[in-house]
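Participant: One-letter residues, chain by chain:
Number of protein chains: 2
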Amino acid sequence: MIFAEKRQLRIPGPTPIPPQILRAGAQPMMGHRSGDFVELCKRVAAKVKTVFQTENDVFILTSSGTGALEAAVANTVSPGDQVLVLVSGVFGERFVKIANAYGAQVETIRCQFGHAIDPQTVTDALVKKPEIKVVFATHCETSTGVVNDLEKIAEAVHSSLGDPLLVVDTVSSMGGIEFKTDKWGIDLVVSGSQKAFMLPPGLAFIGVSDRSWDIIEANQSPRFYFDLRAYRKSLPKGQTPFTPAVSLFYQLEEALAMMEAEGFANIYQRHLLMRDMVRAAVRALGLPLFVAEDNNASATVTSILGPQGLDVEALRKLLNQKYKLVLAGGQADLKGKIFRIGHMGFAEPIDMLTVLATLELGLVELGWKLEGGAAVRAAEEVLVRG
Amino acid sequence: MIFAEKRQLRIPGPTPIPPQILRAGAQPMMGHRSGDFVELCKRVAAKVKTVFQTENDVFILTSSGTGALEAAVANTVSPGDQVLVLVSGVFGERFVKIANAYGAQVETIRCQFGHAIDPQTVTDALVKKPEIKVVFATHCETSTGVVNDLEKIAEAVHSSLGDPLLVVDTVSSMGGIEFKTDKWGIDLVVSGSQKAFMLPPGLAFIGVSDRSWDIIEANQSPRFYFDLRAYRKSLPKGQTPFTPAVSLFYQLEEALAMMEAEGFANIYQRHLLMRDMVRAAVRALGLPLFVAEDNNASATVTSILGPQGLDVEALRKLLNQKYKLVLAGGQADLKGKIFRIGHMGFAEPIDMLTVLATLELGLVELGWKLEGGAAVRAAEEVLVRG
Chain L
81 MIFAEKRQLR IPGPTPIPPQ ILRAGAQPMM GHRSGDFVEL CKRVAAKVKT VFQTENDVFI
141 LTSSGTGALE AAVANTVSPG DQVLVLVSGV FGERFVKIAN AYGAQVETIR CQFGHAIDPQ
201 TVTDALVKKP EIKVVFATHC ETSTGVVNDL EKIAEAVHSS LGDPLLVVDT VSSMGGIEFK
261 TDKWGIDLVV SGSQKAFMLP PGLAFIGVSD RSWDIIEANQ SPRFYFDLRA YRKSLPKGQT
321 PFTPAVSLFY QLEEALAMME AEGFANIYQR HLLMRDMVRA AVRALGLPLF VAEDNNASAT
381 VTSILGPQGL DVEALRKLLN QKYKLVLAGG QADLKGKIFR IGHMGFAEPI DMLTVLATLE
441 LGLVELGWKL EGGAAVRAAE EVLVRG
Chain B
81 MIFAEKRQLR IPGPTPIPPQ ILRAGAQPMM GHRSGDFVEL CKRVAAKVKT VFQTENDVFI
141 LTSSGTGALE AAVANTVSPG DQVLVLVSGV FGERFVKIAN AYGAQVETIR CQFGHAIDPQ
201 TVTDALVKKP EIKVVFATHC ETSTGVVNDL EKIAEAVHSS LGDPLLVVDT VSSMGGIEFK
261 TDKWGIDLVV SGSQKAFMLP PGLAFIGVSD RSWDIIEANQ SPRFYFDLRA YRKSLPKGQT
321 PFTPAVSLFY QLEEALAMME AEGFANIYQR HLLMRDMVRA AVRALGLPLF VAEDNNASAT
381 VTSILGPQGL DVEALRKLLN QKYKLVLAGG QADLKGKIFR IGHMGFAEPI DMLTVLATLE
441 LGLVELGWKL EGGAAVRAAE EVLVRG
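First to last, the sequence lines map onto chains L and B. For the first sequence, the working numbering begins at 81 and goes up steadily by one. For the second sequence, the working numbering begins at 81 and goes up steadily by one.
Hints are supplied without guarantee of correctness; some may be wrong.
Copies of the same chain look alike in the list, so a pair counts if it fits in one copy or across any two.
[Unchecked claim] No farther apart than 30 angstroms at their CA atoms in a straight line, the calculated lysine-lysine pairs in the DSS-like style are these: (1) 313 with 208; (2) 402 with 260; (3) 232 with 86; (4) 177 with 213; (5) 263 with 402; (6) 449 with 122; (7) 209 with 449; (8) 402 with 129; (9) 313 with 397; (10) 260 with 129; (11) 317 with 402; (12) 317 with 86; (13) 208 with 232; (14) 417 with 402; (15) 417 with 317; (16) 397 with 232.
Hints are computed from structural coordinates only; laboratory data are not their basis.
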């Protein structure tokens, strides 16, 4: 393949890595118990809190995001505990699976995929079962492209009689969509490195509120590598309890510097603009958006339904093989029904024009009727309006 | 600091990274569900088996080595199970802690630190407790520099009435010291990326014997991220169940190519030669070796006792700050009593001369009486003999 490095990786993670972050990872190794690493660890641990908008400790784990989802469960759920999981897609289901693995009694609220969780249903569920100890929610549900209203869900949780812990998966939103951990009162916030953070996969983050610690300390589930008590003991010393992925820490520092330089308001605005460009273009192509309401549509990933007469898997294959444009398919039950465009991290509005132009080429080749340039023009109009 | 990149990182992990491996990590990101990743995953999964000398599956986890130690426990130990842990140092103790976290009834055999486990004590313990279900052992005990005789220990385990599973931690030996997984009959073999594999930390390996699967399938302990059943299902598809550290997979492929090019017999010989050079030099300096017997001394790390009148922590600090030579101290009870020289991975015999010359400078500066050049000369003699 000529110019393989010109591949457009537009899946909802892992996302493309900026060259300066790639270079940062190629620095010589250092000992993870050295003074230099302690300083690095303290710097990134402080800065990552800014992204989370929190005064809570945010711990950095060497694992995928799922490792940190498990940390959230293993540290708060003892066998037999009642928990509530809000399921709006595959990653909500993952919380169900992990909670089941830890012997929880799992209640669920399931919304139709492509829709967001109605906060009123959370209120109702917690009235019915005030003994619920932990509520698990997903901010951006990567598998559908929905963003759940965590501000409202948190209100519902905290105004309930039991006021259970609220755990939120922000793997595909944190750093791309504003998330107000402390203001909303989110207890455990989980994220990962390979999405809006612009990093390779391999690090996960977990912020922990003060009131969570009594439950974590008393919790009976076995855990060692994901035992948050060990991370809490190590953090003030600029340490991690187990050998961290040092080269990813180098890269994290570079990513945080880039984010700080751009400014968080600008970052969130950039992601919203990319979303609006893509949605306008999809409408111009006559393709149905899987998330119908703009308000619930993620700024980091857009799902598009394959209408009658369009084989989305054939489209993805063609775009990948002929044009090096990599889009994501649907997961689980959505496989073959939707395709997804990731627009987060190292991506800017102008990149979307290339994505959309390439998408037009693929659609034409598959016989989909469209006016050439229509998608790009619609996106340009959004871009110009700003 | 002038020429910071000339730092000599001579701790027993993380170890220095060869430039070509650093560069390999800086390749553009790819999707972990893409065909390209599937091919990469299949290639490295096949080659890593060669290092392990096994026909068993070897799974690649995104975690530190401790994550894979926990995987070994969580997948084989149910609450109340009787297990035996052979403790020759800090990493043997780690198995005790993890097994305790999972509710095992833990028997231990402890040898004096600096010595190796006597296989006869394993035979005796298993005669006394034939209900032992799993035996945990450490190949190279990083904290002391001892190598346990796993061939003999495996014989003791397999000739016992109960013939329990044998789990071995090879984090600081695999790829540097020959380990015959299948020939010796080791059931679960755990290793990590940041030692003799010449990689940054962030990947862990776990090989699993056929007879282990019945126990793993039936096991009652909660686990999700480290659930080996999920890895077993994904492996034939060239996949990992959760997002892997893709950039470390790029680097792993490069490391395996380098190891293959050098040849494993040469690799093991190189490590033994470095060990013998360092031990000869330490003797020439009149410093006591913590592992007295050459046969039990690791080819990857050498521990040196601080004799009366030598402050080993002051020595390490001086070497680091003045000469950029980073050596390791003692862990836990050995802190302040020993220092350790790592000689594994991206290290060759000639590098040891620099390490030893620098060590001489530090010792002289701290008032230790020595004949200048004595350590280097002793090491050169070993090198020349080959």
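Participant: Classify it for me, residue 317 with residue 402: is the Cα-Cα distance of at most 30 angstroms met within a copy, between copies, both or neither?
Facilitator: For residue 317 and residue 402, only the inter-copy Cα distance (24 angstroms) is at most 30 angstroms; the intra-copy one is 51 angstroms.
Participant: Give the relationship of residue 397 and residue 232 under a CA distance limit of 30 angstroms: within one copy only, between copies only, both, or neither.
Facilitator: For residue 397 and residue 232, neither the intra-copy (40 angstroms) nor the inter-copy (54 angstroms) Cα distance is at most 30 angstroms.
Participant: Can you tell me if residue 417 and residue 317 fall within 30 angstroms by alpha carbon in one copy, between copies, both or neither?
Facilitator: between (49 angstroms within a copy, 22 angstroms between copies)
Participant: Can you give me the call for residue 260 and residue 129, within, between, both or neither, at a CA distance of at most 30 angstroms?
Facilitator: within (11 angstroms within a copy, 46 angstroms between copies)
Participant: First find the shortest C-alpha distance between residue 417 and residue 402 inside one copy, then the shortest across copies, and answer within, between, both or neither for a cut-off of 30 angstroms.
Facilitator: within (22 angstroms within a copy, 63 angstroms between copies)
Participant: With identical chains, the pair residue 208 and residue 232 could be close in the same copy or across copies; at 30 angstroms between alpha carbons, which is it: within, between, both, or neither?
Facilitator: within (19 angstroms within a copy, 61 angstroms between copies)
Participant: Pop the pair residue 232 and residue 86 into one bin, within, between, both or neither, using alpha-carbon distances up to 30 angstroms.
Facilitator: Neither, since 42 angstroms and 54 angstroms both go past 30 angstroms.
Participant: Tell me, please, which holds for residue 209 and residue 449 at an alpha-carbon limit of 30 angstroms: within, between, both or neither?
Facilitator: Neither. Shortest intra-copy (52 angstroms) and inter-copy (75 angstroms) distances fail the 30 angstroms Cα cut-off.
Participant: With identical chains, the pair residue 449 and residue 122 could be close in the same copy or across copies; at 30 angstroms between alpha carbons, which is it: within, between, both, or neither?
Facilitator: Neither, since 55 angstroms and 40 angstroms both go past 30 angstroms.
Participant: Go through the copies and call it for residue 313 and residue 397: within, between, both or neither, with a Cα cutoff of 30 angstroms.
Facilitator: Only across copies: residue 313 and residue 397 sit 25 angstroms apart there, 48 angstroms inside one copy, limit 30 angstroms.
Participant: For residue 177 vs residue 213, is the C-alpha pair at or below 30 angstroms within one copy, between two copies, both, or neither?
Facilitator: Both: 17 angstroms inside a copy, 28 angstroms across copies.
Participant: What label fits residue 313 with residue 208 when the C-alpha limit is 30 angstroms: within, between, both, or neither?
Facilitator: So residue 313 and residue 208 fail the 30 angstroms test inside a copy (38 angstroms) and across (39 angstroms) alike.
Checked against the numbered hints listed earlier, the structure breaks hints 1, 2, 3, 5, 6, 7, 8 and 16; every other hint is satisfied.
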